[in-house]
Structure formats: structure tokens, C-alpha cells
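Peer 1: Dock the two chains into a complex; use the hints.
These protein sequence lines map, in sequence, to chains A and B. Position one of the first sequence corresponds to residue 2 (our numbering), numbered consecutively onward. Position one of the second sequence corresponds to residue -1 (our numbering), numbered consecutively onward.
To be clear, the hints were calculated from the coordinates, so they are not data collected in a lab. Using N, Cα and C, we set each Cβ at its ideal position, and we do this for glycine too. Each hint can be trusted.
The calculated lysine-lysine pairs, modelled on BS3-like cross-linking and capped at a C-alpha distance of 27 Å, are: (1) K55/B to K203/A; (2) K284/A to K261/A; (3) K221/B to K117/A.
Partial list, derived from the structure: chain A residues whose beta carbon lies under 7 Å from chain B: (4) A57; (5) S188; (6) V194.
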Amino acid sequence: MQKSSGSTGIIGGLAATLGRILISFFVPVITFLILWWVFIFLRDSEAPQIVIVLVAIVWGVGGVAALYVVSNWFVEQLPGDWARKLQPFVYVGPAVVIMSWYLAVPVLRTLALSFKDDIGVKWVGLDNYIFAFTDRIMLETFRNNLLWMIVGTSFSVGLGLLIAVLADRTRFESVYKAIIFTPMAISFVGAGVIWKFVYTYKGEGVGIEEIGLLNAFVLAMGGQSQPWLSLPPWNNLFLIVIMVWLQTGYAMVVISSAIKGIPLELLEAARIDGATEVQAFFKITIPYIKGTLITVITTIVIFSLKLFDIVRVMTGGNNGTNVIANEFYLQRFTYGNTGRASAIAIVLLIAVIPVIVNNLREFNKDRRAF
Amino acid sequence: MNSGYKAQKVRSSLIINGVLILICFFWLLPTLGVFITSLRNSQDIFTSGWWTIFPHKEQMQTEEITLDASVNVDAPIEVQGITATFEELRLGVKTPDGRTLTWYGNKRTRKISITEEQWVGFFYKPLTINNYVDVLTGKEIRFTDASGNEIIRKGNSLGSAFLNSVAVAVPATIIPILIAAFAAFGFSWLNFPGRGTIFTIVVAILVVPLQISLVPILQDYTKLNLNGTFLGIWLAHTGFGLPLATYLLFNYMSTLPRDLLEAAYIDGASNFTIFTQLILPLSVPALASFAIFQFLWVWNDYLIALVFLGDKSRVVTYALASIVGEKGQDWHLLTAGAFVSMMLPLAVFFALQRFFVRGLLAGSVKG
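Okay, chain B solo, but in the shape it has when bound (with noise of 0.2 Å):
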């Protein structure tokens, strides 16, 4: 190789390494402007932008100055050097020197305000982990209304919400892959009438839209009662999750050789035997690619604990979503409310990301 070839190659790998690099900082800027803004005061968090907390140049107040009471504020007025009106010093004048006047409050007030730009460094304002405290415990709030009646207002608590969406996820998760366990053990190695009929309707159900669905099965809800509960967000999970995880584990369990299979059946083992000694244990990397897909599913899924949850037990998402629509603008509480609602899966996904891109490339079409 010559050197023009290697020149090349460096400067080629220089442009492609800068590319990456500016995507991936577009990319994280909108998450580190959240972060940052969860941890700072709600004041400081809506008089200025998240980025001030790096070193810059900020105004700074050096003195404040009080008219004296003889001083005609309706004329022009000479005060440190400059002549300016009222109205112009209400907008701010700078001074030769580099300083600004800035005259605040009314006319009657009088008092002038002096600025000068200075370096800032970080943490010139505090930060706090207040916000975190603020929205997980969710404070109530009672008011007593015009005609004297004591309201009380459900602080948005993402503390329970967090222990609800833990009750949610945590069965909605193992209940669909023991159920698509056992039937994707049937349809690969059992013979019944009827299995090759079933199996293609359940491929053709793998990216039927949900909501053909949440019409009917609310009815059905009302009727049985299950609306607002545990049972009845674990099955409609458990129904909507079917599809695809009883799918994916029928393409695995369905490559597992078949010697292994028959000699057990030779030693007389049962099918429940087989099942739970030789097929699980040897399909846990499917499982377990399925499990963190259905889990991150669950935790962060909205419309289904919209329909069938509610109100009643607010999980995560939902109770963040309500902060956006009751306090849109309080952005402590959804900042820091945000980033609540992604520990959990952010943890899971880092510590088993691995077999989520398994599960991924395993054809990932959910309905």
C-alpha cells in the first residue's frame, strides 16, 4: 500500500467517525436537556434554558442604584455617565464601559439596576433533586372551593404509579410466554386435528391492529366486571402478546433436534416431563429475548392501560401523561417525571440488550 492509499483511508475514517459523531450528539441532546432540567430548581428551570448551567457569559447585577427623589424622571435623565429617558432605560442602555442599565419596576420605583457580563462556571446555580422527591411522592392537594366544600385533588404520585406498572408488567410478561411456552411446545411436537389450521391463523393474527379489538373486549369487560383491574390488563396483554410470542418460540422450539426428543419419549418420559426438563431449559435464549420485547412493551405501553386500567390504578405512563394534560407547562415535575418512567426499562434494556436484538431480528411485527 502506498501512503496516498493510507492518507486516504485516515481521512475517510476521519469524515465517517464525524458524521457518527454529530448524529449521535443530535441524538442525546433532547434526553441530557431533560436530564439536566430534571435536576435544577422550577425557577431557574423557567427563567432560563437548560444550557446555562455550562460556563458562560451572563449578565450579572454589580450594583443597584436609587434615584434621588429631585431628579425629573418624565425628562431625559443623566445617571453614571449616559443621558437616556425613561422608556429607553426601562428597555436597558449600555454604557460606553460595557455595562447595562436597567431601570425596573414603574416610574415611581426609581431604582436602577446595573449589569455587567461575566463568566459563569457550572453550578453557579444549584441543582436538586427536589423534582424527584416532588413527583414521586405526589403531594395532595386540598383546596376549599367558593361554597366551602373541602376538595381534595389526587396528586400525580409517580411513586405508586411505578409500583403499579411493576404489578402490570411483571405478570403481563411471564403470563403470555408460560401460555405461548406450552402452545408452541403443542403446535411443534404434539399431533392434533386441526394444528396446521390453527397455526396459520395465528400467523395471519400476528399484525392484526389492536384496535379491531378494544371495541368489543371492553364490552365483554363491563360485563365481567374487569375493567380497572389487574386480571383484566394481564389477559388483554396476554391476548394482544400471544400472537407473536407463541410464533417466535415455535420457530425455536420447532429447530430443536429431534433425537433429543425421541430418545427422552424412549425412556418413557411424559410430555409434561419433556416440556419442563428438556424444552424449556434448552429454549431459554428465546424466552428470554421474548420476555425483555414483551416487558418493554408492557412498561412503556399507553393505549391499552388508557382503555382498560384508567384512572383507577395509574401506571407510569399514564400518570406522566396526565402531568403533560393537568401541568403542561410544570416542567420539573415532567421532566424529572420522565425520567422516573424510563429507569426501569433503560436498566433492563442495557443489562439484556443482547437478546433484545435477538428477539428483534427474530421479526419483531406486533399488532
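Pulled out of the complex, with its shape left as it was, chain A reads as follows (with noise of 0.2 Å):
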């Protein structure tokens, strides 16, 4: 590194560590103006868009991978005791930065925000709080997020706890399994295309043929046809039932590998002791997937919170169908008061405070890497 430095005397070497230095700030400099040229052009470019898509994704990926390459060559320029000081931090320093700026730094901001009125300006005090809390719309929201929590979580797991349960004794599981997973390659609007489709309704008259499956059903039972998604509360269920037919895939995914980790001289040991398979299920299958277990749930029920792009597409979360998510887009989006928004988000970061605290306590239980 330090191969001219002997040649040309101490001035030389100082001169050229400092040619260095200079050098090494330019060029990130100029990889950086390259790069929001680029960006300009694409911006406002009238490109055909295949043109526009292979740039950008060109530009982006390349971009990144240029800016990291380029910054770490600037350090390993720097003199010994300085690089080895940095360069750490060029490694995790975009990281920080950027989590900080999406996630951490927001907390903040959306706390302060949560204060002020529907710009962002006056202090308010705890007006928005007391319409969040207070609001009968939010009451409504509470409600069904409860109601999403509490059925959606516990039929997404009980099913999937089954068809884990069932598939592990079948040749066929893997066939089985996939065909439950496959939903979760699906969007939530996708999902809600095909739901809307099953609970579609036209009507009463004369030569009206039902076309979605439901009401078809229902007819064929001699039952009435119904509008599902505008009956409440019912409705609520009919929107539920998706979220179980996305999640159950994955419950199953984990639970299934939990239960193929217990050890079957354990299960055999119960059968020769006389032990029926429900009670071996209940006695040894249930205890000993109990991590696991509580994992599913905790991550489904942080799902349902935030559950927003089903309700947004099948209803809006009209008919009493509103959630809390959806309310929160609503305040900032279509009636455009940043105050009550923020404080939304707020009592969502509240009700997920409990799952923050736990995974930092198992993370300090084992955090054998500091």
C-alpha cells in the first residue's frame, strides 16, 4: 500500500496519501451524480417503457453494488489505522442509515405528529387520542381487528395444525401440503378477485342465473341468495375466511416441520404404554411443539393488526366491515388529517409492543455473537 512513499521522501508520501484522499472523495462523488442523472433521465424520460424498465433495474441493482465497491476502494486508501477504523462502517453504515431514516427515526416523528392537528402544524394536545379511542368508527375498527385476531388466527392455526397432523401419516403429504401453501404465492388483491368471485350476487328476477358459488350453493340448498359482503356482521366472517384460505398454508409450513422434529422413540415409547393417538397428540405432539406454536400465532395475529389490502379491495371497509389499518389510510389519504392518522399508527405500535419486548429478551438470551 504503501509502495511510493519510500522512494520520494516523507513530503512525496505525504503528498500522495493526500492525492489519495482527494482522488478517493471524487469518486464516490461522481458515482453519485452519474447516478441521479440517471435518475433524472428516467424521471422524466419519454422512453418506451421497456427501455425505461431495463434501465432502471440496470441503473439500481448496479448502482448500489457501485457505491459500496467505490466507497470501500476510498477506505482501503486511507492510511492503515483509519481503514481499519471505517471500513466497518461503510459496511453497515447504508444499513443504519436507511433503517433509520423507514423505521426508527418514524417512530418518532409519527409520535410528534400524533399531537398536531390534520397538517401537521398546531399541538393539539390529545385530541386525535381521544378520537382514536373514543370514535365510533374506531370502536368498529376495534372491533373487527378483535374479531380478525381472534377467528382469523385461530382457524388459520387449528387447520393448519390439522393438515400437519394428518399429512405426516399419508404417502401423499407433499402433495397435500403444497396444494394449501400455494395461496401464499398470491397477492391479497388476487385473493380478493377470486373471494369476490365465490361471494358475487345479482340479484332477484326473472332468467337472474347466480353466477358466483356461493349463492349457487346456497340456491341448490333451496336456500336465498344473499349480497355476503354488504350484511354485517357477517360479512366480517365472509372477509375472514380469506385470510384463513392465505395463512393456513403457512402455519401448516411450520407446524409440520416442528412435529417431524419429535423424536419418534418418544411417540413409540407412549403407543406401547397403552396411550391412545389423541392422547399421545395432546400429551406429547402439543407440549413439544409449543414454540413453535406460539411463533405461528404471535406472527398471524401481528398479520391480522395490519391487515389492510384485503378489506381495501372486497369492501373498503364499508357495511361495518372497517379495520384499523384501513381506517388509518383513510384519515391520512382520503381525508387527508395527518394528526389522527399518526395516532393510529401509534395504537398499532402499542399493540405490538408486547412481541418487541419478547423478541429483544430471547435475542439478549442467546446473543452469544457480542
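Peer 2: What follows is the structure, given as C-alpha cells:
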């Protein structure tokens, strides 16, 4: 690294080092400028879409890689001691900056906004929280989210557990599991379309034939066709079915792998002792996979707490189906009230604090690396 | 083992498989319906359920008769061996031999169609791929309003939305992985002040709901003019994906054997060389499982696209949701659109399911 300094003396060596540092400053700056220029080009360009898309991909991915290579090169040009001290920050820095900007700092900024008025200027004290905890609409969203969390989670986990246990005893396990698991790859909007078609309702009249699966089934059973999605409070349950359809696969896969971890001798021993399958399930399987079950339940509860897309696409929150995340969206983007929206976001954060505390506790328990 | 035990085993295996087949049937049914519907003519979709493409009995018109002008339509009418009033005929009257007579139109048309239940097989109404063509090209809608202005409404072209989704999802998958990989390497193998504290914060923000960020970040984006840009949404997905990515990759990288890295250090390799030549290749399984995770998440995301990208560059979820909003009963567009939006994630999912499952099991709580 210090090849030239020996031959040209101390001053030359210093100049060389200084020169390196200067060049090193220019390289990242120029890299950044080029990236910025391409960004402006992309934003204003009228080029065919496919060109823009390709340039965007190459620019975005290449740009980030280039930034790392260049700044690493820059740090390596510094005198050895500085290089050692600074290099970790080249690696960790970008991630820390982005995470702070997008998640850590917004917690404080949103907290501040939640005490301000609708455009974030005047302080209004607790007004937004009074709205968040007493407004009729908010109380409705609390009730619905509770419904999603309790009914949605218990059915997802219950079905997932049932399928995992049953499939474990068949030869076609992978086929069954693949079918149940597939909805995980589908967007909530796509799933919304699929189920909207199941629930679709045309009404009564001469020659009208229901094309929705549920109404056709109800008619075939001798019932009356119904507009399922505008029947409070039952419409919430019809929406929750969609979530169960999407999340059971997740629960099943995680539980299934935990079940596979149960030592066979344990179950064999229980059976030899005369335990029935049901007894073995409750006395051995369940206690053994308790940790996994808690993780799965937590994940799905958090999921149903933040649920947005399904309600947004299916009902827009009308007819008594509103949920917290949708009311947040309405407050911020339809009514333009940042104060209330921020207060609702803080409510969501408060709801996950127990999980955060638990994560930290678990993490501290086995932080061997530090 | 005695035979009674065996018989019991067979019986329980039958019950288990039966229950599972039943559950799987209900799981597949809604998707099957949408898939079949996406291939039917829009006319057929609206007049009959998708299950009618399977063989079934249906009322088929066999004959149409026009009543003579001399017949008094206000009195009971005698036709085809039965007598019925106009009102009864309007609703349809069954003849003893199983045919149905239905008057159609008003009294003046004097037309009665005779239908009979007949078996119809597969495809008696032909299938079509027109819905996919329609939804992918999304013709522009032009019309002139009352005051003579020409109005052009953007069609819901899923073709261009598909491209936009690719432009969003590919960098929004690779960028966070790259940044997280560097960071995870730093956290697990380099020493610097504040290492433990910073990583504890990463663990803490793992499950922070992203609604927390939307309001302030949107303010920043408005100031920086990032709203509706690809850069803006890549950064957003990067920001929201990074905690999980860093956490998962850290867990993986910190278990790599210490000796291996020490040997490389002794050989004089720089940190950068060790990272690119040793750590990255060894971490491919973890990188792959997070990549699939993030790709599916970004592709299927609606909220972030709705907030940060909006109408300027519609992604598939946005385009599909707006078809639901604007043309909620156009099932030929909706069903085909739903399938277009699912194709890529399903393909990725089935090709790389193994890695996806591994990612899930590594802990998947995301904010």
C-alpha cells in the first residue's frame, strides 16, 4: 500500500496520501452524480417503457453495488489505522442509515405528529387520541380487528395444525401440503378477486342465474341468494375466510416441520404404554411444539392486526367491515388528517410492543456473537 | 400384527386421506372457478356459472312457435296440448312429456320457445383467450362528452403494469439483499463501537408496523420529489425489508466456521475479498430464501405501491385493484387479470419452494 512513499521521501509520501484522499472523495461524488443524472433521465423520459424498465433495473442494482465498491476503495486508500476504523461503517452504514430513516426515526416523528393538527402544524394535545379511542368508527375497527385476530388466527392455526398432523401420516403428504400452501404466493388483491367471485350476487328476477359459487350453492340447497359482503356483521366472517385461506399454509408448513422434529421413540414409547393417538397428540405433540405454535400464533396475530389489502379491495371498509389499517389509510389519504392517522399508527405500534419486548428478551438470551 | 390391527390401519388411512382430499378440494375450488371463468366468453360468464362448462343437463331450445293472429292472448291459450294463461306462460309451463313452454317478450310478440332438458358435454360453449388479450393490452377508452370535449380514459393495461411490477420488484429484491449482506457481515465479523446496541435496535424494529413510517416518509418524499418514482419505491421496500434481511443473514453468517475466516485473514485477504469471495458464496442458501421472500412480498404488495407509486406507474396489484373499483362486475377482465398478476409469483414459488420454506422457518415476523 505504501509502495511510493519510501522512494520519494516523507513530503512526497504525504502528498501522495493526500492526493489519494482527494481522488477518493471525487470518485464517490462522481458515482453519485452519474446515478442522480440517470435518475432524472428516468423520471422525465418519454422513452418506451421497456427501455426505461431495463435501464431502471441496471441502474438501481448496479448503482448500489458501485457505491459499495467505490466507498470501500475509498476507505482502503486511507492510512491503515483509519481504514480499519472506518471500514466497518462502510459495510454497516448504508443499512443503518436506511433503517433509521424508514423505521427507527419515523417512530418518533409519527409520535410527534400524533399530537398535532390535521396538517401537522399546531399542537392539539390529546385530541387525536381521544378520537382514536372513542370515535364510533374507531371502536368499530377495534371490534373488527379483534374478530380478525381471534377468529382468523384460531382457524388458520387450527386448520394448519390439523392438516400438518394428518398429512404426516399419508404417502401423499407433499401433494396435500403444496395445495394448501400455494395461496401464500398470491397477492391479497388477487385473492380478493378470487373470493369476490365466490361471493358475487346478482339479485332476484326472471331468468337471472347466480354466477357466484356461494349463492349457487345456497340456492341449490333451497335457500335464498344473499349479498354476502353487505350483511353486517357476518360479512366480516366472509372476509376472514380469505385470510384463513391465505395463512393456513404458513401455519401448516412451520408446524409440520416442528412435528417432524419430535423423536419417534417418544411417540412409540407412549403407544406401547397404551396411549391412544388422541392422548399422544395432546400429551406429547402439543407440548413438544409449543414454542413453534406460539411463534406461528404471534406472526398471524400481527398479520391480522395490520390487515389492509383484503378489506380495501373487497369492501373499502363499508358495511361495518372497517379495520384499523384501513381507517389509517382513509384518515391520511382520503380525509387528509395526518394527526389522526399518526395517532392510529401509534395505536398499532402499542399493540405490538409486547412482541417487541419478547423478541428483545429472546435475543438477549442467546446473543453469543456479541 | 394381527389382521384386525391391519384393517383398522387401512380404515384410518382412508379417513385421513378422505379428510385431506376434501380440504384440498375446497382450497382449490375458488381458484379453479376463477381460472375457468377467465377462459370463457364475457357473455357466457354473465349468464351462467363457471361450473356449467362441465357436462350437465340444461334446458335447450328445440322449437320456437309463433301463435296465430286469431288466438286471443288475454284468455287462456291452448298450445301444444296444454292450456295456460299468458302470465303462466311467461314464467314457463311444463308439458306432461317434460318439455317447457316459455313465452318471451310482451303479448304482441306471440312467440313461445319450447325447451327440453338435454345433456351437454364439455365446451359446448367454446373457451377463448380473448379476456387475456383484452386485459393485457387495455385499449384506451375515447369518448366525447356533452360539451364536445374528447375524453381519453386510460385502459387498465395489465401488460404495462406487469412491466412496472418487474421494474419495481427486481431492484427492490436485490438492493435490500445487497445492503443487508454487507451489514450482516459487518455485524457478525467486524468489530466496531456500538455494534451490540445498533443490532439490538434492528431486532426491536423487526415487527414495527410500517404504518408508523408512511406519514413522515411521505412528507420527505414530497420534499425530495420522490413520489411516484421507481427510486422512491425501491428505497421504501428496502427500508421496510432491511431489518428482517439483516437479522436473517446475521443469524446465518455468524454461524459460519471461524477457522475459515481466520485462515483467510492470515493469508492477507482484505475484508472486501473475504466478503465477496468467501462469505457471499457460503451464504447462498440464506440469500436465496430471503430473495424469494422479498420478491413475493414486493410483487404482491399493494399498500406501499398505493402510497408511494400511485397512478404514475401502475403495478399489477394496483391495476387489478382499480379494475375491481371501476369495473367490479366485468368478471372477464377481473379473472384474467387476477391470473396475469399471479403467474410470475406462482412460477417463482414452485421453482424455488424449498428455499422459501427455509426462509419461513428461519423466522418471518415482518413489520
